[in-house]
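With the hints as a guide, bring the two chains together.
If you read the sequences in order, they're chains A and B. Residue numbers for the first sequence follow my numbering, beginning at 168 and rising by one. Residue numbers for the second sequence follow my numbering, beginning at 40 and rising by one.
Calculated from the structure, these hints are not laboratory results. Beta carbons: idealized from backbone N, C-alpha and C, even for Gly. Heads up, some of the hints might be wrong.
If we take Cβ atoms under 10 Å as the criterion, some of the chain A residues that face chain B in the derived model are [said to hold, decoys possible]:
no. : residue
1   : G232
2   : H235
3   : K240
4   : L241
5   : G404
6   : T406
7   : G490
8   : V492
9   : R495
10  : C504
11  : R517
12  : D559
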Amino acid sequence: MSGRNIMTDQMSGKNPTGNEQIEPATDDSTEYDFYFGPAHSGSGNFGVKLKLDGERVISARADPGYLHRGFEKLMEYRTPIQNAVISDRLCVLEPLNWNLVHAEAVDELTGIEVPERARYIRVLMAELSRLQSHIIWYGVMSLGLGFDTGFRLAFGYRDYILDIFELITGGRCYPAGYICDGGVRRDLPEGYAERIKNVLDKIKGFMENIKSFDNLFFANRTKGIGVLKLEDAIRLGATGPVLRASGMKTDVRKDDPYEIYSELDFDVPTEKQGDANARCTVRDREMEESIKIIKQVLDRIPEGKTRKPSRIKRPSRTKIPEGEVYVRNEIARGEACIYMRSVGESAPYRVKVRGPDFLHMIPVLEHLLKGCELADVPAIYWSLNICPADMDR
Amino acid sequence: MAEIPQQRKENKLIEQISSKFEIEGTVQRDRRVWVTTSKDNLIALCRFAKRLGFHHLSAISVTDWPQEKIFELTYHLWSYSARILLTVKTKIDRADPKIDSAIPIFQENAQIHERELHELFGVQFEGNSDLTPLFLEDWDGPPPFRKDFNWRDYVRQKYYDRSNEREKPYWE
Numbered sequence: 168m169s170g171r172n173i174m175t176d177q178m179s180g181k182n183p184t185g186n187e188q189i190e191p192a193t194d195d196s197t198e199y200d201f202y203f204g205p206a207h208s209g210s211g212n213f214g215v216k217l218k219l220d221g222e223r224v225i226s227a228r229a230d231p232g233y234l235h236r237g238f239e240k241l242m243e244y245r246t247p248i249q250n251a252v253i254s255d256r257l258c259v260l261e262p263l264n265w266n267l268v269h270a271e272a273v274d275e276l277t278g279i280e281v282p283e284r285a286r287y288i289r290v291l292m293a294e295l296s297r298l299q300s301h302i303i304w305y306g307v308m309s310l311g312l313g314f315d316t317g318f319r320l321a322f323g324y325r326d327y328i329l330d331i332f333e334l335i336t337g338g339r340c341y342p343a344g345y346i347c348d349g350g351v352r353r354d355l356p357e358g359y360a361e362r363i364k365n366v367l368d369k370i371k372g373f374m375e376n377i378k379s380f381d382n383l384f385f386a387n388r389t390k391g392i393g394v395l396k397l398e399d400a401i402r403l404g405a406t407g408p409v410l411r412a413s414g415m416k417t418d419v420r421k422d423d424p425y426e427i428y429s430e431l432d433f434d435v436p437t438e439k440q441g442d443a444n445a446r447c448t449v450r451d452r453e454m455e456e457s458i459k460i461i462k463q464v465l466d467r468i469p470e471g472k473t474r475k476p477s478r479i480k481r482p483s484r485t486k487i488p489e490g491e492v493y494v495r496n497e498i499a500r501g502e503a504c505i506y507m508r509s510v511g512e513s514a515p516y517r518v519k520v521r522g523p524d525f526l527h528m529i530p531v532l533e534h535l536l537k538g539c540e541l542a543d544v545p546a547i548y549w550s551l552n553i554c555p556a557d558m559d560r
Numbered sequence: 040m041a042e043i044p045q046q047r048k049e050n051k052l053i054e055q056i057s058s059k060f061e062i063e064g065t066v067q068r069d070r071r072v073w074v075t076t077s078k079d080n081l082i083a084l085c086r087f088a089k090r091l092g093f094h095h096l097s098a099i100s101v102t103d104w105p106q107e108k109i110f111e112l113t114y115h116l117w118s119y120s121a122r123i124l125l126t127v128k129t130k131i132d133r134a135d136p137k138i139d140s141a142i143p144i145f146q147e148n149a150q151i152h153e154r155e156l157h158e159l160f161g162v163q164f165e166g167n168s169d170l171t172p173l174f175l176e177d178w179d180g181p182p183p184f185r186k187d188f189n190w191r192d193y194v195r196q197k198y199y200d201r202s203n204e205r206e207k208p209y210w211e
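Isolated chain B, as found in the complex (with noise of 0.2 Å):
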């Protein structure tokens, strides 16, 4: 099959990083490029990237995998210039979640995700200094968003009062 000019555009960015960093890239489709690499060479590769055009961070995200024990994130870079969007994916082990921070890299960006992400999934980004809770007030559970958090339990607990027969339903 032959390939169309902007499907090139992204398997050289897969080629670009892989001569540098040791990862697995795919070419999702046009403009999107999926990249693995370890926790330790992210930050470098968050880096070289944006040497190459990716100055925009559009979000960072976090998946909670509680049988394989890892939180997997994604970084998702765009570039202005060449149009791709780059998804930079790494894991870490969910007893110990930390990681790097990429505010030296996307600064100000970085770090509001960051702090919403320490929020509700507890992950610890080292090097970010003001990681207060965002949007939930006086909240000393478990980080909610994880995967063995059971709001519905939760809810069940705290909102519904037992002495009410009506409530009965709700809880029961």
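Only chain A is shown next, with the shape it has when bound in the complex (with noise of 0.2 Å):
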């Protein structure tokens, strides 16, 4: 208990710098509170109140709400192709994701046969939005374990995919409702497998840059570190790559296919540990297979229309018909769903938006940080990948 050693010290008043007498502390007791967030360059908008013991956490309380924005009422009173817009904003890491997400509710709803080109795009742009996300991860990972060198070049080699966002959809962070109902919402740009095809080459030399780092810090400070075992995985609701690091091998893609996924050739990477470098490795191997899902489609990806109706009608002339529909999709962090309920208006009359992290940020989070040193929480907070924008909604 090397924190309760510099607790006393304090205490007794010796002060190894200068003649200067400390105060003594009249209560001897260690505990104290401590606020971790809610304006972190890498946590988002989000806090967690610790309760401390010297240095060790005795228990954790999540604060959200700092980014609640009402989305689900939102949507209430817009159209799809308003509401497209709005589900680029349920994460600011993977837009694209979401996107698709809301436009498969939509779908659903409506019964539209979209068209086979418009499949293979919305699945090209959620993979190299699962990509980009999961190099967020590790910069964002690095800087809470003061690697700042990872940070960077993470942004750096990031930066090289949102370039391709930019040319396909017009936007670098926000794809402004690119992946709407009945399709998407243009057509590929001439060249673009090629430029892809680059940004792909690049991103190995990242993830080789990477492997390199492993030893000098990341398994120091992540083995062994919050650890969850599968059992309480899913009792606290973890998915994604967080459930499949405690040893569940189970992925939307695979287990409820959408879209062209079912036709695709790819792994579920899983590792039995469940600590925080358990939830590293699975990541890091999930690019991998990220990119091998890019290749085929690139290599299969049709000719034909990308979006039906291909003339969008007038917003009020369209509406969605009556009926409810729980769509689930596997984005980077873990399970998202969206439950839409119409009345058969022109806007939805129920949207519920069930992100990953409203699971992982609160219950799991707080499970975890129960009892670890306050050096380990950074490892572990974003071991999880967490982005509170989802959760508060």
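Written out as structure tokens, the structure reads:
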């Protein structure tokens, strides 16, 4: 208990540097509150209230709400094409994946057969977005562990993918509802395949680079830290890479396939240890799988239309047929779902957004932080790859 | 029309549940089963579903129907083994929105969903001891996601300065 020693040194009034006497503490308690967040460069707008005894965390309580924008309510007043733009903002780091979840919900209600080419473009964009999101995760994870080089490297390489997004969707971070109901907003520009392949080569270089850093600091700071057992993971509602790192082989793309994922060949990487290091390894391997998927899509992408109906009607004339659907997708952070209820008007009657981070940031994080050392908090926090935007909505 | 093997699994699930509970069940498509039951059966049905392998509570949602004077609750359960999404629906009275908590079955996962829905819709989950607000700070108005809460009016009243001529177009 090194933390306790420091505290007792201070209380006995010893001062190693100067002559000035430190006021002895009147209370001999070593417990205190520590607020982690809410405006850290990596944490996003989210805080955790920690109760510490020396340097050990006794309990943690998540404090969400800094990014609550009431999207579910806003969507009840807007047409699908407007909601597609709102769905970008559900998660800052992977807007295209959320675009896809929303578009699928509307498509399932309207029953429109999405053109084959649009399906391929959707998967292409979703996988590029996943790759980009994992690269950001590597950046903030490095930042959290005090490894600035990793952070700068990751955000530099991420920009290559953002260039592709700009080329295809017109927006770098937010694609403004590129994946919308019925397909995608516009066709791929000329020479896209060549440029994507070039970027993938660069990303492969990045992945070689980060492998060489593993022994430098990653393994030391993450092995055996924040162990999440499989039964706890299921109970707490963990999904995606967090659940896979605890030993469950599950992936919505395989178990509940959507778009063209059932036709593609890719693996679902899993680890058994359930610690922060396992979660990192799973994401590293997932990046390789995403590259594999993107290459397959580029090879097979057919010609044809990209949206049905190809001409956009006036929003007030389009109505969503009555019904209700629950759409599940695998995004970079885990399971993303939208429950949509329609009563036959141009706007949906009720939209419920289920983001993976709602569970990862509150029950899972609180569970993992309980009993850990203060110095391990960043490693656990960023190993979950959390983003407050889809939790607060 | 010949049934595909996957859908046989869905139909069997409905049969299994209807042998124990009074339900209305439909197979929407592959891997999607919707079941409607009464408020009293809900917890027992969820417990039965968990025994069948539905370990993952994906989400709980509330839909507000002011005209019918009800809240509709939907529980979305996923089975990692059978690979089916089972949605359990039930209705509660809008004037007295009380329902038993699902914490005994889905523990912390249900707890956090219920906490959110209590804040946004004002549904009382009996047996959930921690229903403190998640998102809204110092909010004392009606639950904001209810259909009869007019947020446009609220914003007009609260955030625009009536003495300021330039803000007139917003609140007028």
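Now for the hints, and whether the structure bears them out:
The interface hint given for G232 of chain A holds, since its Cβ lies 4 Å from the closest Cβ of chain B, which is under the 10 Å cut-off. Taking 10 Å as the C-beta cut-off, the interface hint given for H235 of chain A holds, the closest approach to chain B being about 4 Å. Interface hint at K240 of chain A: satisfied, since its Cβ lies 6 Å from the closest Cβ of chain B, which is below the 10 Å cut-off. Hint on L241 of chain A holds. Least Cβ distance to chain B is approximately 9 Å, under the 10 Å limit.
Contact between G404 of chain A and chain B, as hinted, is supported at the beta carbon level, the nearest pair being about 4 Å apart and thus within 10 Å. Interface restraint check for T406 of chain A: the shortest CB-CB distance to chain B comes to about 8 Å, inside 10 Å, so the restraint holds. For G490 of chain A, the interface hint holds, the least distance from its beta-carbon to any beta-carbon of chain B being 9 Å, beneath 10 Å. Below 10 Å, beta-carbon pairs count as interface contacts, and V492 of chain A has one with chain B at about 8 Å; its hint therefore holds.
Interface hint status for R495 of chain A: upheld, as the beta-carbon distance to the closest one in chain B is roughly 7 Å, under 10 Å. Taken as an interface hint, C504 of chain A checks out: its beta carbon lies about 6 Å from the nearest beta carbon of chain B, inside 10 Å. Among the interface hints, the one on R517 of chain A holds; its C-beta lies about 4 Å from the nearest C-beta in chain B, closer than the 10 Å criterion. Checking D559 of chain A against chain B by beta carbon gives a least distance of about 6 Å; that is within 10 Å, so the hint holds.
Going through the hint list in order, the structure satisfies each hint without exception.
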